[in-house]
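S.K.: Line order of the protein sequences matches chains A and B.
Going by my numbering, the letters in the first sequence line up with residues 1 to 313, in that order.
Going by my numbering, the letters in the second sequence line up with residues 1 to 313, in that order.
Any given hint could turn out to be false.
If chains are identical, the list can't say which one is meant, so a pair holds when it fits in one copy or spans any two.
[Unchecked claim] In silico lysine-lysine, DSSO-like type, Cα no more than 30 Å apart, as pairs:
id	residue 1	residue 2
1	Lys30	Lys261
2	Lys254	Lys305
3	Lys212	Lys223
4	Lys43	Lys305
5	Lys212	Lys261
6	Lys281	Lys254
7	Lys305	Lys223
8	Lys313	Lys70
9	Lys313	Lys199
10	Lys281	Lys30
For the record, the hints were derived by calculation from the structure and aren't laboratory data.
Number of protein chains: 2
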Amino acid sequence: MHNLVERILKGDIRAVARAISYVEDNHPEKTEILQELYPHTGKAYLVGITGAPGAGKSSLVNKLIGYIRKLGLSVGIVAVDPTSPFTGGAILGDRIRMQDHFLDPDVFIRSMGTRGSLGGLSRNTKEAVRILDAFGKDVIIIETVGVGQSELDIMNIADSTAVVLNPGGGDTIQAFKAGIMEIADLFVVNKADLAGTDKLVREVEQMLDLVKHDAPWRPPLVKTITFKNEGLDELWQAFLDHKEFSLDAGDYEKRRSSHLKEEVVEIVNYQVHQIILQQLKDEQYQQLMEQVSNRSVDPYVVAGKLIEQLTGK
Amino acid sequence: MHNLVERILKGDIRAVARAISYVEDNHPEKTEILQELYPHTGKAYLVGITGAPGAGKSSLVNKLIGYIRKLGLSVGIVAVDPTSPFTGGAILGDRIRMQDHFLDPDVFIRSMGTRGSLGGLSRNTKEAVRILDAFGKDVIIIETVGVGQSELDIMNIADSTAVVLNPGGGDTIQAFKAGIMEIADLFVVNKADLAGTDKLVREVEQMLDLVKHDAPWRPPLVKTITFKNEGLDELWQAFLDHKEFSLDAGDYEKRRSSHLKEEVVEIVNYQVHQIILQQLKDEQYQQLMEQVSNRSVDPYVVAGKLIEQLTGK
Chain A
1 MHNLVERILK GDIRAVARAI SYVEDNHPEK TEILQELYPH TGKAYLVGIT GAPGAGKSSL
61 VNKLIGYIRK LGLSVGIVAV DPTSPFTGGA ILGDRIRMQD HFLDPDVFIR SMGTRGSLGG
121 LSRNTKEAVR ILDAFGKDVI IIETVGVGQS ELDIMNIADS TAVVLNPGGG DTIQAFKAGI
181 MEIADLFVVN KADLAGTDKL VREVEQMLDL VKHDAPWRPP LVKTITFKNE GLDELWQAFL
241 DHKEFSLDAG DYEKRRSSHL KEEVVEIVNY QVHQIILQQL KDEQYQQLME QVSNRSVDPY
301 VVAGKLIEQL TGK
Chain B
1 MHNLVERILK GDIRAVARAI SYVEDNHPEK TEILQELYPH TGKAYLVGIT GAPGAGKSSL
61 VNKLIGYIRK LGLSVGIVAV DPTSPFTGGA ILGDRIRMQD HFLDPDVFIR SMGTRGSLGG
121 LSRNTKEAVR ILDAFGKDVI IIETVGVGQS ELDIMNIADS TAVVLNPGGG DTIQAFKAGI
181 MEIADLFVVN KADLAGTDKL VREVEQMLDL VKHDAPWRPP LVKTITFKNE GLDELWQAFL
241 DHKEFSLDAG DYEKRRSSHL KEEVVEIVNY QVHQIILQQL KDEQYQQLME QVSNRSVDPY
301 VVAGKLIEQL TGK
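Sequences are here, hints too, so could you generate the full structure?
M.R.: Shown next, in the form of structure tokens:
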């Protein structure tokens, strides 16, 4: 057994941090570690929290951590922050988040940056979640700034997903447009002390009437006011209600099973991509790429050659 | 030569629409068509317009089309709208957009939906742009709802990219955080009649002072008020300034060349993904996937088998 795996299973938090760094850095021993941890995964309840930038997700998650800890459950947080290299937001984010919980050994917080591109972030995030799962965290919160497809891809690891909205943003329809609503198992109207809360609640309910009128699970809507600690009971209850519903309906296992299958495909895509990048370092491709640039060879020809080399056909 | 290619090169607009549908549907003749069109591409000026949901991009693009048409240039628009299947927004979007321009044969507007997943949308969008390029459009506008990685991926086909912001959203810092600012060649403060415009302008300029103080190109900031037709001159001029700058600096060709190389990798990833999905239909993988679900086999083992089969190693 890999030394890090042994330490993770014994509860060594530094080993967890190290393993996640291995994942982000695509360390050669990464796959070995993840494989050995895999049989120990599947126990944590995976909670997704997403919403537009500025919706107040980080503060909400911060409060939710405190709430869950009071229930005696341990918590892991993987925050996905596709941050500009300029702002260094991922690190800053960790520090701000940690303030409230850094003395608590049963809270583990990790921000994932954009070190891996092209599906790498989604892959790395899921792997970090698996590590925390094997580590024995009861609840793992996956927080993403969500509008794009890659955020949706990340969220498909969660057992239950909350979409966080704000009053007054006038963005309800936009949020529905952005395709994020299909992944919502529940809605949070955060900053519910602001004007426009009732209007937003009405709009979401109307949307749900349209879209979910014959669905077996209608996503509930929870109002929260983070700085007043209001709505955390209701929020956590809504998560548990969804979990219970999906366990009863058999959706819980079905969803997990389909997520795992998607992960297999992701792993393949990622590993093949690495092979291709390696192939591209050959002299012949350097020349071919030049010819693509001056449009004397088309990209499909080069792609074809790369695939031929890959498959040996 | 493929019949559709012949018709596209002769200026048949219905052939263009058909070819883009082939692209979206992953039609077996798609690659043939794109290969034959490729030598005819590279002439259009590719303009990217992105920004958060609700920033008023569609209205702005609509006005910009009218402006560019008055200059005697033909325009193609590829609008990327990762729309919910519920709202059918892509189709609705087309209809709303078309209102102003549907009698003009020199305007071609196409919304791309989410038919292709996992990089498919980015791939399809670029292919649609290539088709419009070969068709002979002078300017092609690529419009995306941009926050996530996939939108950034889509934008890396553009020669010049504008990021659209709004006053009063308080989202400047958030937008910088979301990593979208690195792709901005210029900024548009849209809805510049609203309160908070000056504050936003100041914030962006401060950010630029920090981030671009020694960059050879400092993204200019243009204020627009769409419903008053204000700022369109300045906006178009800013695009042309950037184009001229990057032509002079050699960045124009360098950027195009690196985009084409990325496209090669995208094509490979996409085609390999198709092969993998085919492999997964085999009985043995159905069984293996069941075992992954019940955690008796880990995903890495199955991924390994798929890669072995793919590469014959």
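S.K.: Would you mind marking each hint as holding or not holding in the structure?
M.R.: Verification of the supplied hints:
Within a single copy, Lys30 and Lys261 get their C-alpha atoms as close as 20 Å, and across copies as close as 28 Å, so both meet the 30 Å cut-off. Taking the shortest alpha-carbon separations for Lys254 and Lys305, only the inter-copy value of 23 Å comes in at or below 30 Å, while the best intra-copy value is 39 Å. For the homomeric pair Lys212 and Lys223, the shortest alpha-carbon distance inside one copy (20 Å) is at most 30 Å, but the shortest distance between copies (41 Å) is not. Taking CA atoms no more than 30 Å apart as the test, Lys43 paired with Lys305 passes between copies only; the shortest distance there is 26 Å, against 44 Å inside one copy.
Proximity of Lys212 to Lys261 under the C-alpha cut-off of 30 Å is restricted to the intra-copy arrangement: shortest distance 26 Å within a copy versus 44 Å between copies. Taking the shortest alpha-carbon separations for Lys281 and Lys254, only the inter-copy value of 19 Å comes in at or below 30 Å, while the best intra-copy value is 42 Å. Taking the shortest alpha-carbon separations for Lys305 and Lys223, neither the intra-copy value of 55 Å nor the inter-copy value of 47 Å comes in at or below 30 Å. Taking the shortest alpha-carbon separations for Lys313 and Lys70, neither the intra-copy value of 59 Å nor the inter-copy value of 53 Å comes in at or below 30 Å.
Taking CA atoms no more than 30 Å apart as the test, Lys313 paired with Lys199 passes in neither setting, with 60 Å inside one copy and 60 Å between copies. Both within a single protomer and between protomers do Lys281 and Lys30 lie at most 30 Å apart by alpha-carbon distance, with minima of 23 Å and 28 Å respectively.
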